[in-house]
Structures are given as structure tokens and as C-alpha cells.
Amino acid sequence: MLDSVVAAETPEGIVLELRPAGLSARFYAFLFDWLIRLVVFYAFAFVARFLGGIGVAFWIILFFALEWFYPVVFELGRSGATPGKRTFGLKVVMDNGLPVTPAASITRNLLRVADFLPLGYGFAIISMLVRSDCKRLGDLAAATLVVHQSKPVPRVVLDMVSPLAPARPLGQRDQAAVIALAARAPTLSVERLDELAAMAAAVSGDEGKSGPDVTRRVLGVAQWLMGRRT
Amino acid sequence: MTPLQFEALYQDEWQELAGLLKNALDGKSQDAKSRAPIRGERVAALYRRACEHLALARARAYPAYLLERLEQLTSDAHQLIYQRRDFGLASLKRVITIEFPRAVRAHAAYVWIATALLVVPTIVIGFLVYYKPELILSVVSADTAAQYEQMYSDSAESIGRTRTADTDWMMFGFYISHNIGIAFQCFAGGLFAGLGSIFFLLFNGAIFGAIAGYLTERGLAATFYSFIVTHSAFELTAIVLSGAAGLRLGHALLAPGRRTRLQSLVHAATECSVIVYGLTAMLIVAAGIEAFWSSASWLPHPVKYSVAAGCWITVLAYLTFQGRSAD
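Respectively, the protein sequence lines represent chains A and B.
Quick note on numbering: numbering that gives the first Met the number 0 labels position 130 of the first sequence as 129, and the sequence is numbered without any gaps.
Quick note on numbering: numbering that gives the first Met the number 0 labels position 191 of the second sequence as 190, and the sequence is numbered without any gaps.
Here chain A stands alone, though its shape is the one from the complex:
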């Protein structure tokens, strides 16, 4: 698999695959959160002008809270992500795939100060680019990960293709490849699908041939491998 994946083993002996979010996704999420904070900050500044000293006090405290605790509050919430992260399909989890703990969330967000240095999140960017799990310094110390929330994978459909027994015995990897091709079929253009199917034509005994008929037969083999017989 080409994606960078962090494996987290559970006590039940299965491996959960976490897909760490890279620099660009996290940058957009950060920008989104930053805009939200800016809007809240100025909206409150507008209100605070009419409230006098107490208004200013709350305004300053709000600034402080937004700066340090905005991410903490959202990360400890149910979605485990700030609005920005949620918008871009990211969330914060512990290294072992569990929801982030309060101590870890606070640690990773206080250490933003260190990440920010020397300029504009310089150390954070270097750290995220160098490490395959894309952690910034705060993530390292808190043992947290920012991961992509998984998206549903399409089911293998194509019920209109009638199943066809493979022309020769297929190993597990070959079976998986043919089924994966069938799963991707609805998202591919007809020409590309024909091209790909031609490469797998050996499974239906059509080696060297290509065209819509071959494609249909290859997809038929996929249906057979999935377990359809009629």
C-alpha cells in the first residue's frame, strides 16, 4: 500500500490502521480554525465596546482562551476534532487509536509554543515533513496522532454481469486484485476499465485480447470470486 499507515495493535490482536494526515490537510484545517477564532474574537470585541471594563476583561480572557484552549475543548468533545479538522475529515487520536485524553490534548496544545518557533510553525512543519506519521512536536510529547477519518469504500456491485468461473486457479493476491478492479469499475471511464481489464484478461482465459467483451468476462470472474454462481 502506498499510503502512509500507522498500525495500532489492540489487545485483541488485530491491527487498526490509522492514516496520519499530512501537512496540507492540517494546514487547511488550521486556517479554517484560525478564521473561526478571528470571527469570534472580533464579534466579541464589537460587543465588548458597550460593556466597559468588564467587557474588556472578558474580551482579553476570551482571547487567552481562544489562543490556548480552543483546540482542547473541541478535541475532548465527541468528534475529537476542532471544526476545522472536522471540515477536512481529520481527527485527533492517541497513538493506539483511542480517543485523545485530557492530559494529552492539553499537552499537545500547550506545546504549540515550541512548534511555532522559530517562525510561523517552523518546527512543526519540519517535524511533519520529516516524520512518516506527520507528528508535530506537541504530538510527539503527547503521543497523539492527527488522522484522516475513514471514508466508506464502495461495495462490489455490477449485478448485471453474470458470473464466470476463472480459467485457471487463482492465488489469493490475484483474487483480491480482480475483486478490487470490479469494486473500482463504476468510478473508471469505459476506456480505462477496458485497458485495466485487458491486463487481467488471463483470468478469464482471454490472454492478449481486449475490448468490452473481455472486460465483461473479467468482471464476471470477479463476481464468481465474490461467491455468486448464478
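Quick caveat, the hints were computed from the structure, so don't treat them as lab data.
A portion of the hints provided could be inaccurate.
Label-pair ranges, simulated between beta-carbon atoms [as the list claims (entries may be wrong)]:
| hint | chain 1 | residue 1 | chain 2 | residue 2 | range |
| --- | --- | --- | --- | --- | --- |
| 1 | B | ARG258 | A | ALA164 | 55 to 61 Å |
| 2 | B | GLY256 | A | SER131 | 22 to 28 Å |
| 3 | A | LEU30 | B | ARG258 | 33 to 39 Å |
| 4 | A | THR186 | B | LEU194 | 49 to 55 Å |
| 5 | B | GLU15 | A | GLY21 | 34 to 40 Å |
| 6 | B | LEU91 | A | SER188 | 55 to 61 Å |
| 7 | B | TRP111 | A | LEU30 | 40 to 46 Å |
| 8 | B | LEU261 | A | GLU194 | 41 to 47 Å |
| 9 | B | LEU91 | A | PRO117 | 35 to 41 Å |
| 10 | A | ALA6 | B | PHE291 | 50 to 56 Å |
| 11 | B | ARG104 | A | SER131 | 38 to 44 Å |
| 12 | A | ILE35 | B | LEU261 | 31 to 37 Å |
| 13 | B | LEU8 | A | ALA164 | 20 to 26 Å |
Backbone N, C-alpha and C define an ideal beta-carbon position, used for all residues, glycine too.
Dock chain B against the given chain A, drawing on the hints supplied.
Relative to the frame of chain A, chain B by itself:
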């Protein structure tokens, strides 16, 4: 067994587990009484079954959608079953009465080093500036020095005389954001082998010493010390603690012992987080005292110094003795 047979055979169990998980998670947002009770043993049993199915499906290279479905299911169940709940008032009480003072005592060596790093420059620079007041200009700008002098002078503009309730509140907000910000920086600076923490401690000590020495030389000692003496019990202690926590991080990186550097850092950060909770609370208390009590210059000095002595004794006794006999 073909993927379709596999799915048909087990999907009732998967659906049941998904339903139970949804019930448990939705229940969180509704009130606790109206939802059906969570059947923990059933969730656990179905979760283990789903784990087996996932392992089988992976070993047999079943199609991606099937793996994905099982991965999602096991991951959701894993999150629900193994989640940690350290929120709540009971754990807050435990942090205040036991864990925070204990964590401070467990880091006594760091606390003493941080104290020295803050206090030594305070005393040295303080005396230097006291005997050669022009040296203040090498620490802060002339404007700032004049500002401080005016702030603590006996004139009408001085601190606490012209202040209204509004200004008190404003200063409360300022103290909170400013002081807690400094403490957090001091802690985070520890990530650079402790150098950041050392710098912030020395720097703040030097500034504080310079101003104290300067104002004392100017004959404003009475106003100045009566102003700072009460809240400094919380504020200076908290800054020292943030420095100590930062030093711990730095030490964990430099001398990881039998762990890897990363493990050592994570371990140190986890242990220090309790100190960070505690010092944040202390700084909020300090900001409250500084804004509403310290600034009240109509209070006679004996009262202020008695209360200050009480605060210092309470803070030090709390950190030294609280939570020793628990468990």
C-alpha cells in the same frame, strides 16, 4: 468460503454490534435515564467476534469494502470499550487534594533548580540596579522604567488610587492572559532540551529584579512590595513550577535512561500535565488577588502583609504536606 458467504453468515452479528454501539454513543448526548441500558458483556463478546472476523477477512484477502466495514466496526467498538474517563468532579478533587502536590514533590529537584534560576538573577540584578540605578536601562527601556515608577509613585495616577471596578476587571483579564501565557511558554520551552525554560526563568527573574531594585532605590518600596507580596505567593510559585515542568521535559530528552528519547518525553509530559493543571489554577487565583486585592491601596499595610504571610504559608504548606497520607 467466498466473501459473499462470509458476509451473509456473520452480518447479523455485525449489525447487532453496530446497533449497540450507536445506542451507547447516542445515549451520551441524551439524558442518561431515557436510554436503554448498555449491555456491556454483549458488546464485548460481539467485539471479540468482529476482531476474529477482521483477522480472517484480512488473511483471506477479502474485498476492500468488507475489510473497511469490519475495520470501522472494530475501531468504533475499540474506542468505546477502551476509552478513558478522567473527567469529572471526583477526579478534579483528587488532582487538587492529592495528585498536584504529590507531582510537585516528586519533581522536587527540578523545582529547586527552577527556583534558583528565577531567584538568583532576581537578587543579583536587584542589588546591581539598587546600587547603580542606571543599569535598569540595560534591562528595560527608559519609557517602561518611567511607567513603572509612575505606577507605584504616591501621585494621584498611581496604582489603586484612581482605579474603578471596571479597571480591576480589565486588569484581571490582562493578568490571566499575560501570566498564564508566560507560564505556558516557560513549560513549552522545555522541549528544546530545557533551554527555553531556563531562558524564560532567568529572563523573568532579571526583569523582576531590575524593577524591584529600581523602585526600591527610588524610595517606592512601600507601595511596590505591599502590592506584589500577596499574589506573588501564587504567581512566582506557579512560574517556578512551570519552569520545573519544562526542565523535566528537557531532562527527559537529554537523559532518557532505559527508554527511547520519544518514550521518555511522552512519559515526562504525562507526569508533568498534572503540574500544568495545578499551576494554571494557581495563576488564575493569583490574577484574582492581583486585580482585586493587591490593587486596593486603601488597605493598611499591616493587613496586607498579614494576609500575604498567610498566603505564602498556605501555598508552601499545601505543596509540602498536602496528600502525603492519602491512599
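Starting from the range 22 to 28 Å, see whether the pair GLY256/B and SER131/A falls in it by beta-carbon distance.
-> 26 Å, holds
Would you say the C-beta atoms of GLU15/B and GLY21/A sit inside 34 to 40 Å of each other?
-> 37 Å, holds
Could you see if the CB distance from ARG104/B to SER131/A stays within 38 to 44 Å?
-> For SER131/A against ARG104/B, whose Cβ atoms are near 40 Å apart, the range 38 to 44 Å holds.
Measuring from beta carbon to beta carbon, are ALA6/A and PHE291/B in 50 to 56 Å?
-> Cβ of ALA6/A to Cβ of PHE291/B: about 54 Å, so the range 50 to 56 Å holds.
Status of the given 20 to 26 Å range, CB of ALA164/A versus CB of LEU8/B | This hint holds: roughly 22 Å between Cβ atoms.
Has the hinted range 33 to 39 Å been met by the Cβ atoms of LEU30/A and ARG258/B?
-> Cβ of LEU30/A to Cβ of ARG258/B: about 36 Å, so the range 33 to 39 Å holds.
Distance restraint evaluation - ARG258/B, ALA164/A, Cβ atoms, bounds 55 to 61 Å | 57 Å, holds
Check the following: the C-beta atoms of ILE35/A and LEU261/B are separated by a distance inside 31 to 37 Å.
-> 32 Å, holds
Does the Cβ pair THR186/A, LEU194/B satisfy 49 to 55 Å?
-> 52 Å, holds
Is it true that LEU261/B and GLU194/A lie within 41 to 47 Å of each other by Cβ?
-> 46 Å, holds
Is 40 to 46 Å right for how far apart the beta carbons of TRP111/B and LEU30/A are?
-> 44 Å, holds
Range agreement (Cβ of SER188/A with Cβ of LEU91/B, hint 55 to 61 Å) = Taking Cβ atoms as reference, LEU91/B and SER188/A lie about 59 Å apart, which means the hint holds.
Violated hints: none; the structure is consistent with every hint.
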